[in-house]
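Enquirer: Take a look at the letters that make up each chain.
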Amino acid sequence: MNITGTARLAAVALAGVLALAACGSDNGGTSGSSSGSGSISCAPAGSIKASGSSAQKNAMITWINAYQTACSGTTIDYQANGSGAGIKDFINKQTAFAGSDSALKDQDKTDADARCATGPAIDIPMVGGAIVAAYNVSGVSKLILTSDVLAGIFGNSITKWNDPKITALNPGVSLPDATIAAFHRSDSSGTTDNWTKFLAGTSSSWTFDHAKEWKAPGGQGAKGSDGVAQAVKSTPNSIGYVELSFAQDAQLPGAWVDNGSGTPVEPTSENAAKTISSATVKGTGNDLALTIDYKTTTGYPAVLVTYEITCEKGLDAALVPLTKSFLTYTASDDAQGKLTTTGYVPITGDLLTKVRTAVSSISA
Amino acid sequence: MSTTLEPPDAPAATGAATEIHGVAVRRGDRVFLGLSRGSGILILITMAAIAAFLIWKAIPSLQANTANFFTTTEWFPDAQPAFFGIAALTFGTVVTSVIAMVLAVPVGIGIALFTAHYASRRLASALGFITDLLAAVPSIIFGMWGIQFLTPNLAGFDQWLSTYLGFIPIFQNDLGIYSRSLLNAGIVLAIMVLPTISAISREVFLQVPRAHIEASLALGATRWEMVRMAIFPFSRPGMISASMLGLGRALGETIAVALLLSATYDINLHITEPGGITFASNIALKWNEAGTIGLSALIASGLVLFVITLAVNMGARLIIARRSEFSGASS
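Heads up: the protein sequence lines correspond to chains P and S, in order. Just add 1150 to wherever you are in the first sequence, counting from 1, and you've got my numbering. Just add 5 to wherever you are in the second sequence, counting from 1, and you've got my numbering.
I should point out that these hints are in silico values taken from the structure, not numbers from a laboratory. Just to be clear, a hint being listed does not mean it is correct.
[What the hints assert, rightly or not] Chain P regions said to be covered by chain S (calculated; three or more residues, Cβ under 8 Å):
#1 1328-1341
#2 1446-1456
[Stated by the list, open to error] What follows is a set of in silico ranges between Cβ atoms, one per label pair, in the way DEER data are often shown:
#3 P:Thr1309 - S:Phe75: 32 to 42 Å
#4 P:Ser1307 - S:Leu315: 36 to 46 Å
#5 S:Ile324 - P:Ser1354: 56 to 66 Å
#6 S:Leu315 - P:Ser1354: 48 to 58 Å
#7 S:Ala57 - P:Asp1256: 28 to 38 Å
#8 S:Val30 - P:Asn1242: 49 to 59 Å
#9 S:Thr314 - P:Ala1361: 24 to 34 Å
#10 P:Thr1309 - S:Leu274: 16 to 26 Å
#11 P:Asn1312 - S:Phe119: 45 to 55 Å
#12 P:Thr1268 - S:Ala140: 53 to 63 Å
#13 P:Lys1383 - S:Arg215: 56 to 66 Å
#14 S:Phe154 - P:Lys1315: 27 to 37 Å
#15 P:Asp1500 - S:Phe154: 48 to 58 Å
#16 S:Ala131 - P:Ser1307: 48 to 58 Å
[Said to hold, decoys possible] Take a look, some chain P residues computed to stay more than 10 Å from chain S by CB distance:
#17 Ile1190
#18 Thr1260
#19 Arg1265
#20 Ala1267
#21 Pro1270
#22 Ser1307
#23 Val1323
#24 Gly1377
#25 Asp1466
#26 Val1470
#27 Thr1492
#28 Asp1500
#29 Thr1503
#30 Ser1510
#31 Ser1511
In this text, all values refer to a predicted model and were calculated from it rather than measured experimentally. All residues carry an ideal CB built from backbone N, CA and C; glycine is no exception.
Next up, chain P with everything else stripped away, as it sits in the complex (with noise of 0.2 Å):
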């Protein structure tokens, strides 16, 4: 029993391992983690169950994979049914937390509120992620684009590869004179949500606001990021935009964002981080909802941020301390630190401060 026990630890740390250094080469200015996975303060042993957002679903296995291990008798279940259910899920006293593209609004907001009996609901932004404008079009590895452009890809204003407006940018190199074949996603997504919300804030030719379907005409629909990627990898002289450990996994390149600086900025896990942390705060108290500066010309510009959502009071006392100690895990360190070498952006600076002051904040 005791070898058996010992070998599956072995085998998971061997995996684990394999697996940093299988990623660790796509970044590779990227600072290590450190691997004081000791750190963990663990919760007695029991059981939550979490649901929603499948963009930090990868996230989510890695942290509940090295929780699970270190802290022997929990089970942390994570259901990535999408957001809009995991908020269902979390109102209808399902689950112990949310997963969510975005924060809490509207009616959502006073029914997650409700189901805390004596607190509010709070959201705290845990996974950041990119999303790259991923490109398949031979022979060109570096492609510099403004969003003024990328609106006019994705409205369908900009139809061709040789288009003025992208060879301006991108001198001395050659681009075919092809039709742009626009990938989208086919199914409401928070990617889409937040792609056109970067479109909407940057570009004043970008007309369709933005909303979890997609509202452009012309183009082609793909169902989940998986689909978007595969269609962009088998079609030649497409676009398409997916989250960067979609375009990793896939070896799409992205395309460079120039937000009006001149200085175009590489799609990283880095680059995304510096914009995610000079988002401001929208929420009040320990509510951490954020708005993000789209307009940035010193991050990567097209960014995400998914939140989970407990309740800061009231949460069910038998789910408390494995939820806290949990949580408390995913904003450490060493979490934060696997983000960045499995395609996510983690929090970092003062915003993860609050972050951590307000995972401290849930008690029953």
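Start from chain P and add chain S according to the hints.
Expert: Frame of chain P, contents of chain S only:
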């Protein structure tokens, strides 16, 4: 005979006889009657409950909708104000199903005829087994195969269609992109409904009385004339039933179509261009992230699909009822 069996006290006997209609009844008969009647009633209750549930859940979105539910193509139920309609969904569902039926019915009946009346017994059983196997493939496999293999390989065919038959408006392609189209989805649907149509038709063809077939052959009919004059008239209701079952699957197919279509909410007659959306695939694509009104709107669209399917089935029943009067079956 009767006098010896009839007991003298007649009133009691007639009382029992009216209840059992003159047929001997045992407890097993009563239980079986109860079970079968119960099953019949249960299916009616289930259908009524589904309809009631759909209507009940659909009402909030229909009240919130600021657009015409039947003529609007866009689908933005969670927008403020809600704005959605089923025109594009209906169009895409009907077009993909029609394409599927146009392709699958002749081929399916051809397979059935071949296995039932042309092929050698060994070949027939092998072929029958393989077509039945096709029915067991999960639809997500068809979807993945369709999008990763068939769609890229159909691009050339689609381009050929639009180049040489582009004068027919439906094959015209102004975009130069041949992918994720209603035509491709219809072709995959055709493959998916093929086993249903061919398996049922085959069974029906095998039911044609030997005497009919031998009589027509004896009168000097060729094989084809025999098929036309003896098999088809006898089997027509069965062939219609088979096609309707196939159509039911095509109308309601969800995940394969969700993977295959580009999901654009417009009515575009150019079936080789990317686009289109169907009722079932729209529900699959929007369900996870839908808000309160969004869910209700999806259920409203489900209600419409329910009604369409019901209408199609009732139409088929009507045709079968009318045809059977002068088909070989009753003559």
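Enquirer: Compare the structure with each hint and give your call.
Expert: The hints, checked one at a time:
no., hint, verdict
1, 1328-1341, "holds (count 7)"
2, 1446-1456, "violated (count 0)"
3, P:Thr1309 - S:Phe75: 32 to 42 Å, "holds (33 Å)"
4, P:Ser1307 - S:Leu315: 36 to 46 Å, "holds (44 Å)"
5, S:Ile324 - P:Ser1354: 56 to 66 Å, "holds (58 Å)"
6, S:Leu315 - P:Ser1354: 48 to 58 Å, "holds (49 Å)"
7, S:Ala57 - P:Asp1256: 28 to 38 Å, "holds (30 Å)"
8, S:Val30 - P:Asn1242: 49 to 59 Å, "holds (52 Å)"
9, S:Thr314 - P:Ala1361: 24 to 34 Å, "holds (30 Å)"
10, P:Thr1309 - S:Leu274: 16 to 26 Å, "holds (22 Å)"
11, P:Asn1312 - S:Phe119: 45 to 55 Å, "holds (53 Å)"
12, P:Thr1268 - S:Ala140: 53 to 63 Å, "holds (56 Å)"
13, P:Lys1383 - S:Arg215: 56 to 66 Å, "holds (58 Å)"
14, S:Phe154 - P:Lys1315: 27 to 37 Å, "holds (36 Å)"
15, P:Asp1500 - S:Phe154: 48 to 58 Å, "holds (51 Å)"
16, S:Ala131 - P:Ser1307: 48 to 58 Å, "holds (56 Å)"
17, Ile1190, "holds (31 Å)"
18, Thr1260, "holds (12 Å)"
19, Arg1265, "holds (15 Å)"
20, Ala1267, "holds (22 Å)"
21, Pro1270, "holds (21 Å)"
22, Ser1307, "holds (15 Å)"
23, Val1323, "holds (23 Å)"
24, Gly1377, "violated (7 Å)"
25, Asp1466, "holds (24 Å)"
26, Val1470, "holds (28 Å)"
27, Thr1492, "holds (22 Å)"
28, Asp1500, "holds (31 Å)"
29, Thr1503, "holds (31 Å)"
30, Ser1510, "holds (31 Å)"
31, Ser1511, "holds (29 Å)"
In this structure, the earlier hints numbered 2, 24 are contradicted, and the remaining ones agree with it.
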